[in-house]
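Asker: Protein sequence lines correspond, in order, to chains A and B.
First residue of the first sequence? That's 1193 in the working numbering, and the numbers climb one at a time after it.
First residue of the second sequence? That's 1193 in the working numbering, and the numbers climb one at a time after it.
Treat the hints with care, as some may be off.
The list cannot tell twin chains apart, which means a pair is met if one copy fits it or any two copies do.
[Said to hold, decoys possible] As a list, the in silico DSS-like pairs of lysine-lysine whose alpha-carbon atoms are at most 30 Å apart: (1) K1229 <-> K1277; (2) K1277 <-> K1234; (3) K1280 <-> K1229; (4) K1346 <-> K1211; (5) K1229 <-> K1346; (6) K1211 <-> K1229.
These aren't lab readings, by the way, just hints derived from the structure by calculation.
2 protein chains.
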Amino acid sequence: MNMVSLSLPSWVQGVNFSKKYVSDFDKMTLAIELSQKNVAHKTGGPFGAAIFAEDILVAVGVNRVVPESCSIAHAEMMAFAMAQKHYKNFDLGDSELPTHTLATSSQMCAMCFGASIWSGVRRIIYGATARDVESIVGFDEGPIVSGWQDELEKRGIEVVPEIARDGACAVLQSYRDAAGIVYNGRRVSADK
Amino acid sequence: MNMVSLSLPSWVQGVNFSKKYVSDFDKMTLAIELSQKNVAHKTGGPFGAAIFAEDILVAVGVNRVVPESCSIAHAEMMAFAMAQKHYKNFDLGDSELPTHTLATSSQMCAMCFGASIWSGVRRIIYGATARDVESIVGFDEGPIVSGWQDELEKRGIEVVPEIARDGACAVLQSYRDAAGIVYNGRRVSADK
C-alpha cells in the first residue's frame, strides 16, 4: 500500500541495448525514436530519454504521466530511476562508475532540471528547446534560473543543446496533430 | 524489469489518517514528525512531507534516496506520487477534487519546486528554509529562480513559509549530530 510503481510500456523491450551509441547524434536518435514510439503507441506524452555509460545504453525512459497517473513520471525521471536501479546506486556520478550522459528529446522542464543535478549524470544532450515544447505543444515547462546551463556546468555537468532539433520537433508536431493530452498541473485539455 | 517501485518505510503505517489536521501548524507538525521518525528509524534523509485535502490527510512521504537507491525519492516526490495514486489522477488540482495542501518539513529543492507545479497542489507550507538545510546539514538545494514564490502564486499556488521552523531545524540538527549521509549528486560523504 505504501508503495508506488512506475512502469515503462512493454514496447520498450524492443530497444537495442547491445548496439554501441557512439556519437551524440546516435544517442539523440534513440531518445527521439523513444518519444516517437511513445506517441505512436499512445503510451504517454511526446518525450523520450536515455542514459548512457560512455557509448553503452544503460536505461531508457518515456513520459508516463497520464498512464501511470503520476505527474513526476517524465521521461528523464523514468530514465534516472531506471539507471539508478540498474546500479543499485542513487548516484550515477559515483567515482566507481563510468561517466553518464543523459540524452533527452526535449530540453528539461523545471523539475527535471533539478533532478538532473541530483542524478549524477555528467553530460546532458537535448533536442527540442523548451520554447519549441511550449510553442508546438503548449506544455508549460516551468520557471528555470536564467543561467541554468552555467549552473549545471558549475556542478560538473556539460550541456550540449539542440542535437537533431528538427527531428525532435517533428515528434512534438505529430503529437499536436494527433491532439494529445496537454497537462500541466493547472490545465488539462486536448490541445487544438 | 522495466519498472521502478518506491516504498515508504513500514513505520509509516502508524500515521494517524483519521485525525483532522485543521491548522497549518497541525499539518506542519505531522510533516516534521515524519522527518524526525525517518531520522530516528534510519530510513532515509531528514525530510518529511504530507498532502492534505482541506483538513484530511491523503498521503505522506519521507526521503528515501539512499534506501531506495533513487535520487528522485525526495519526501515531496513520494507524497505527490502517493496522493496521485490514491486518486488515480495525475493532477491534484483537478476541478473534481478538493483543494490540496503540501506540508513539507523543509523548503523544496530545485527538483521538488518544479514538481510542485505539476502536482496540482494549491497551497504549500514549509518549515525550515533552504538556507537552513544548506547551513545545518550541508545539502545542496540547487538553483531556483529568485522570484520562485511569485512564480508559484502566478500559477495559483499559495506559499506559506517558515511554519514551526525551529522544530524543523531541530530535526536537521539531529541528523547532522548523528552524522547522516549527505548526498547531492556531486558529493557523497558523511557530514562532519
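Asker: For every hint, state whether the structure bears it out.
Answerer: Okay, the hints, checked on the actual structure:
no.	hint	result
1	K1229 <-> K1277	both (23 Å within a copy, 25 Å between copies)
2	K1277 <-> K1234	both (26 Å within a copy, 21 Å between copies)
3	K1280 <-> K1229	both (28 Å within a copy, 24 Å between copies)
4	K1346 <-> K1211	neither (32 Å within a copy, 46 Å between copies)
5	K1229 <-> K1346	neither (35 Å within a copy, 35 Å between copies)
6	K1211 <-> K1229	within (19 Å within a copy, 46 Å between copies)
The structure fails hints 4, 5 (numbered hints given earlier, in ascending order).
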